[in-house]
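From just these sequences and the hints, can you work out the full model?
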Amino acid sequence: MEQAGLLEALLQVSTDEASTREITEELSHYFDILTGVIVESAQSMSSSALSSDRMFQLSIKCLINFCANEVLALQLFNSCDEQRREKFLGALISLTLSDAEGDIKTLTSSLLVNLTVVSEWAAALCDKSYVTSIYKKVATKRKPSRTELQFILNLTAISKMRQCICDELDCLSLLVCLLRELNDASSRLSIAGIVKNCCFEESTVVFLASLHRFSLGYHGKICSDEEDILCNLLVVLCGPEDNIDADDLLNLPPLIREAYHSQTVKRESDTSVKFTICEALMQLCSTEVGRSHLRRLRAYFILRELHRHECAVEGRIADAQKEQKRVQRILIFTIEQIVDQLLCEEADRPRGLRSLRDVSVDAEVQNRLEKAKDDYLNVA
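Sequential numbering from 1 applies to the sequence shown in full-length UniProt numbering.
Since the hints were derived computationally from the structure, they do not count as laboratory data.
Treat the hints with caution; some may be incorrect.
[To be verified] Derived DMTMM-like pairs (lysine to aspartate or glutamate); straight-line CA-CA distance at most 20 Å:
{"hint": "1", "residue 1": "K322", "residue 2": "E288"}
{"hint": "2", "residue 1": "K137", "residue 2": "E101"}
{"hint": "3", "residue 1": "K136", "residue 2": "D228"}
{"hint": "4", "residue 1": "K160", "residue 2": "E181"}
{"hint": "5", "residue 1": "K105", "residue 2": "E82"}
{"hint": "6", "residue 1": "K87", "residue 2": "D32"}
{"hint": "7", "residue 1": "K128", "residue 2": "E168"}
{"hint": "8", "residue 1": "K325", "residue 2": "E314"}
{"hint": "9", "residue 1": "K136", "residue 2": "E181"}
{"hint": "10", "residue 1": "K141", "residue 2": "E181"}
{"hint": "11", "residue 1": "K141", "residue 2": "D127"}
{"hint": "12", "residue 1": "K141", "residue 2": "E168"}
{"hint": "13", "residue 1": "K61", "residue 2": "E40"}
{"hint": "14", "residue 1": "K137", "residue 2": "D170"}
{"hint": "15", "residue 1": "K266", "residue 2": "E288"}
{"hint": "16", "residue 1": "K61", "residue 2": "E101"}
{"hint": "17", "residue 1": "K160", "residue 2": "D53"}
{"hint": "18", "residue 1": "K137", "residue 2": "E181"}
{"hint": "19", "residue 1": "K143", "residue 2": "D81"}
{"hint": "20", "residue 1": "K141", "residue 2": "E101"}
{"hint": "21", "residue 1": "K325", "residue 2": "D270"}
{"hint": "22", "residue 1": "K143", "residue 2": "E86"}
{"hint": "23", "residue 1": "K105", "residue 2": "D53"}
{"hint": "24", "residue 1": "K141", "residue 2": "D228"}
{"hint": "25", "residue 1": "K128", "residue 2": "E181"}
What follows is the structure in structure tokens.
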């Protein structure tokens, strides 16, 4: 069978799970053929030529389908030697960042999304020097695509990528600003997820900056006064029906205060996005610098009004819609957890505690906490 015919047949097989299982033992051989076509084509053809090359497109489409299965994506990783992986990833990244027209960039970015769900592929990419360029290219776009944002989100599962983003706060700020502009909920969820994952990066490392920055670590960078990341994150939790008195309103950050005054506040409509933002805030509450900054931003008032709104939403959900009601309660529970952390005085916490994640909880207490949470979330 000529190679084009083989690729056509593989594409057909890749769309059917049962057919794919039948060729499991031969997949590594076929993966070698597919990645070989991609690498060789990328080395010998321009990006514009690749956009219309049938063999290249067939190979990409086959791998998109196969690698939608994480087990097969990992099998692809293990079947490639380091040199092949490097050339393969380089070809995909080069085309994704190129000015090629047509569907080819969507195809290559879709394949990158499927690959980087697997930590081995994500880590391999984050080890490359061009990973910062990838992030900057996506973050500085006026309107990044859904797949591009999902790709960056996948990479933030790796600490090295989270640190890279925290070292490029201007770009992160641009992304967060898009939360109020993008109509696509999936794109907004990816942005919120990127911020949330970066908030897991609380470690203190040596920065090529001032000693002051060094002492704050990554939470300190995210909470830096000269950046408006958290203000743009908080403002999407605000709504026109919020009832904040004049004195408290004056103490809110200018960006949020002006949004209220100009009546341009519009609360995020997607529950998953709101929940992910709240998870990011909860992660910031694990360190004193994060909690202190949220207090300075008067986040309590915003969370209080958000809590009131979400409780009202829960009240309007029919009892029969148990899953929707449970999801709503999880959001409300998370808001309450953040507020509890902000209201707790720092003097009441153990001295010298770097992070709440360092607090050891014995099994009995852990079980009681989990039972209390389950009881709260339980929808009869």
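Taking the hints in turn, this is what the structure says about them:
no.: 1; hint: K322 with E288; result: violated, 37 Å
no.: 2; hint: K137 with E101; result: holds, 17 Å
no.: 3; hint: K136 with D228; result: holds, 18 Å
no.: 4; hint: K160 with E181; result: violated, 28 Å
no.: 5; hint: K105 with E82; result: violated, 24 Å
no.: 6; hint: K87 with D32; result: holds, 13 Å
no.: 7; hint: K128 with E168; result: holds, 17 Å
no.: 8; hint: K325 with E314; result: holds, 6 Å
no.: 9; hint: K136 with E181; result: holds, 19 Å
no.: 10; hint: K141 with E181; result: holds, 13 Å
no.: 11; hint: K141 with D127; result: violated, 23 Å
no.: 12; hint: K141 with E168; result: holds, 15 Å
no.: 13; hint: K61 with E40; result: holds, 16 Å
no.: 14; hint: K137 with D170; result: holds, 13 Å
no.: 15; hint: K266 with E288; result: violated, 30 Å
no.: 16; hint: K61 with E101; result: holds, 17 Å
no.: 17; hint: K160 with D53; result: violated, 35 Å
no.: 18; hint: K137 with E181; result: holds, 19 Å
no.: 19; hint: K143 with D81; result: violated, 36 Å
no.: 20; hint: K141 with E101; result: holds, 16 Å
no.: 21; hint: K325 with D270; result: holds, 14 Å
no.: 22; hint: K143 with E86; result: violated, 29 Å
no.: 23; hint: K105 with D53; result: holds, 13 Å
no.: 24; hint: K141 with D228; result: holds, 19 Å
no.: 25; hint: K128 with E181; result: violated, 31 Å
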